[in-house]
Amino acid sequence: MSGFLEWLLGRLPVGWLQLVHNKARFASALAGVAFANILVFMQLGFFGALMGSVALPYQQMDADVLISSSDMNTLADAGPLPRQRLYEALAVNGVADATPLYYGKLDWKQADGTIRGLDVFGIDPAKPAFRFLRDNSKVKVLTLADHALIDIGTRNVVGDVLARIERGEPYAFEAKGRTLSVDGVFRIGGGFTTDGYLIVSDQTFLRLFPQRFAGAPNHVLVKAQPGVAARDLADRLSAVLPAYDSQARPVDVVTAREQAFQSTQRPVGMVFGFGIIIGTLVGSIIVYQVLATDVADHLKEYATFKAIGYRQGFFLGIVFEEAMVLAVAGFLPGVVISVLLYRLVAKATSLPLAMTMERPFIVLFGTLLMCGLSGLVATRRLARANPADLF
Amino acid sequence: MEKPLVISGVQHWFGEAEARKQVLYDIDLVVEKGSLTVLVGASGSGKTTLLTLAGCLRRLEAGSIRLLGQELYGASEEQLIACRRRLGFIFQAHNLHESLTAMENVRMGLEVHGVAAMRNWREACAHVLTSVGLSERLHYLPAKLSGGQKQRVAVARALIGNPEIVLADEPTAALDGESGLQVVSMLKRLGRERGTTTLMVTHDARILDRADRIVSLQDGRIIG
Chain P
0 MSGFLEWLLG RLPVGWLQLV HNKARFASAL AGVAFANILV FMQLGFFGAL MGSVALPYQQ
60 MDADVLISSS DMNTLADAGP LPRQRLYEAL AVNGVADATP LYYGKLDWKQ ADGTIRGLDV
120 FGIDPAKPAF RFLRDNSKVK VLTLADHALI DIGTRNVVGD VLARIERGEP YAFEAKGRTL
180 SVDGVFRIGG GFTTDGYLIV SDQTFLRLFP QRFAGAPNHV LVKAQPGVAA RDLADRLSAV
240 LPAYDSQARP VDVVTAREQA FQSTQRPVGM VFGFGIIIGT LVGSIIVYQV LATDVADHLK
300 EYATFKAIGY RQGFFLGIVF EEAMVLAVAG FLPGVVISVL LYRLVAKATS LPLAMTMERP
360 FIVLFGTLLM CGLSGLVATR RLARANPADL F
Chain A
0 MEKPLVISGV QHWFGEAEAR KQVLYDIDLV VEKGSLTVLV GASGSGKTTL LTLAGCLRRL
60 EAGSIRLLGQ ELYGASEEQL IACRRRLGFI FQAHNLHESL TAMENVRMGL EVHGVAAMRN
120 WREACAHVLT SVGLSERLHY LPAKLSGGQK QRVAVARALI GNPEIVLADE PTAALDGESG
180 LQVVSMLKRL GRERGTTTLM VTHDARILDR ADRIVSLQDG RIIG
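Protein chains in written order, with numbering that gives the first Met the number 0: chain P, 0 to 390; chain A, 0 to 223.
Wrong hints could be hidden among the right ones.
Stated by the list, open to error - Below, a list of computed lysine-lysine pairs in the DSS-like style, where the Cα atoms sit at most 27 angstroms apart:
| hint | chain 1 | residue 1 | chain 2 | residue 2 |
| --- | --- | --- | --- | --- |
| 1 | P | K299 | A | K32 |
| 2 | P | K104 | P | K137 |
| 3 | P | K222 | P | K126 |
| 4 | P | K108 | P | K137 |
| 5 | P | K139 | P | K22 |
| 6 | P | K22 | A | K32 |
| 7 | P | K175 | P | K104 |
| 8 | P | K104 | P | K139 |
| 9 | A | K2 | P | K299 |
In short, the hints are calculated from the structure, not lab data.
All of these numbers come straight from a predicted model, not from anything done at the bench.
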């Protein structure tokens with residue numbers, strides 16, 4: 000390592016030798032950097048889980064463009080839309096098909112008396128709105144009244160209910176004064192606002208939610224003809240549909256808009272956003288402390304080097320060298336522990352908490368940057384001092 | 000030919016405002032090339048301050064010091080750095096880097112002169128360490144060396160760059176009589192062979208015997 004750094008730096012790797020000389024301090028400095036990394040990774044993970052869980056139902060939609068009420072913020076809060084818009088959409092050039100989506104919420108009382116909140120999708124069984132229903136043999140069952148499919152990713156279901164449903168044993172529970180029979184499963188996964196999802200036919204939906212009526216779905220899912228871009232189709236639909244009650248946007252645009260809404264307008268998103276900022280600050284302070292203490296402890300040696308004739312850049316080089324070693328060596332345990340913690344939290348919360356490809360690079364880059372800046376500040380004291388005053 | 004060190008009218012103060020205290024008054028001193036000049040005086044007489052001013056380790060506030068042809072009064076940081084590289088400074092405390100071996104500490108004195116100086120650095124460092132009697136201790140960390148051995152590493156570090164002037168602040172304080180004299184002999188030999196000039200602060204009577212000139216300071220003034 001020493002030889003490699005000597006080759007890399009073209010000088011004696013004083014920073015490295017200094018770090019490994021005091022093993023206990025090196026270990027605690029590494030622990031500090033790793034801790035700062037874990038802190039930031041966890042906050043990024045939570046934030047990512049929020050973004051991911053928002054995107055989950057959209058990703059499964061068998062659609063290119065979504066027509067929703069013009070005041071929609073989230074998939075769940077979109078108001079009813081005149082069904083007329085569906086027929087108007089079908090008349091637009093480039094539209095292959097369109098299907099309604101009704102959206103409601105119901106409580107599922109568990110065997111132990113606790114409640115799971117489920118988001119309910121009412122769909123047309125003849126034109127299923129979700130991709131995973133295309134080859135789901137149970138879809139036909141939905142045409143029967145009061146039959147449903149449940150999200151196998153539903154959080155904290157008591158007992159082996161989901162496993163039994165998956166094996167093909169129908170499961171009945173009461174909700175909204177009706178007895179629902181759950182005959183099969185699909186997978187979306189719960190989020191921050193719901194424990195899981197339930198899919199019923201539009202007819203069953205209207206029985207569960209008698210205040211809703213068939214003429215007003217929450218969304219209309221539009222499929223484009225092959226070769227027609229979602230963006231172009233959305234523009235064409237927008238031109239036809241009245242803007243005062245509806246808007247047509249590509250599904251990925253809707254997803255991005257809801258993610259932006261959740262992260263900037265809703266408390267949970269802002270909490271995690273602040274968490275990232277605080278984590279970065281705390282991490283920076285830890286790194287600065289480590290480097291500043293190290294500079295203070297070696298002031299005498301640095302003063303001697305300064306007396307010999309070394310320039311300020313040389314000391315910056317030593318501290319940068321230390322900063323880079325700490326950043327990289329602290330990052331490795333940090334990323335490993337974070338991945339393990341992600342798994343633990345994902346298991347405990349059923350949230351889509353996972354390491355993305357780019358996140359480690361972002362954190363490593365941020366760590367290098369913070370270590371570098373800290374090193375710059377830490378060596379400032381050395382810059383103007385008379386060497387004789389430092390002994 | 001210009002003298003290596005010409006000090007004239009140097010005054011110096013320590014502290015700020017009310018606590019400001021003058022430590023040097025109108026110092027005039029010319030040091031001859033290749034000579035061994037010794038500064039003596041009680042503690043607080045200002046001899047170390049004078050040495051650090053001449054060694055570019057402190058900024059000159061009043062007066063003039065011409066070091067190897069460079070005026071230090073108002074000199075830029077770059078000029079001071081250039082001067083420091085032509086000096087060899089031996090400190091009262093050895094000031095070795097605890098994380099570096101004897102060889103590496105000496106190497107630091109050579110590396111400052113750039114890539115060209117680093118050719119055959121191993122041989123050069125080993126040679127100068129051998130000349131101070133440390134051939135058996137090349138790869139020891141300072142913690143494994145005695146006080147005298149550490150001081151000899153510091154001497155080697157000061158001499159590795161072939162300095163034109165050696166400034167030494169009680170270099171023999173940590174050395175036994177024998178090795179103290181060895182160091183002085185070495186400096187005198189360098190003076191004869193290469194014209195290396197030495198300015199040294201010391202109380203060591205045996206060194207005074209071998210000095211070319213003894214300058215005595217008292218309360219910030221040269222008295223003889």
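Status of each hint after checking the structure:
1. The hinted pair formed by K299 of chain P and K32 of chain A fails the criterion: a straight-line CA distance of about 31 angstroms is larger than 27 angstroms.
2. Taking the CA atoms of K104 of chain P and K137 of chain P, the gap is about 22 angstroms. The hint holds against a cut of 27 angstroms.
3. Simply put, K222 of chain P and K126 of chain P have alpha-carbon atoms about 11 angstroms apart, close enough for the 27 angstroms limit, and the pair holds.
4. With a C-alpha separation of about 24 angstroms, the suggested pair K108 of chain P and K137 of chain P falls inside the 27 angstroms cut-off, and the hint holds.
5. A C-alpha spacing of about 67 angstroms is found between K139 of chain P and K22 of chain P, which places the hinted pair above 27 angstroms, so the restraint is violated.
6. Proximity of K22 of chain P to K32 of chain A is assessed by CA-CA distance (about 47 angstroms); at most 27 angstroms being required, the pair is judged violated.
7. Taking the CA atoms of K175 of chain P and K104 of chain P, the gap is near 10 angstroms; set against the 27 angstroms cutoff, the hint holds.
8. Note on K104 of chain P and K139 of chain P: the hinted pairing holds, with a Cα-Cα distance of about 23 angstroms set against a maximum of 27 angstroms.
9. With a CA separation close to 32 angstroms, the supplied pair K2 of chain A and K299 of chain P exceeds the 27 angstroms bound.
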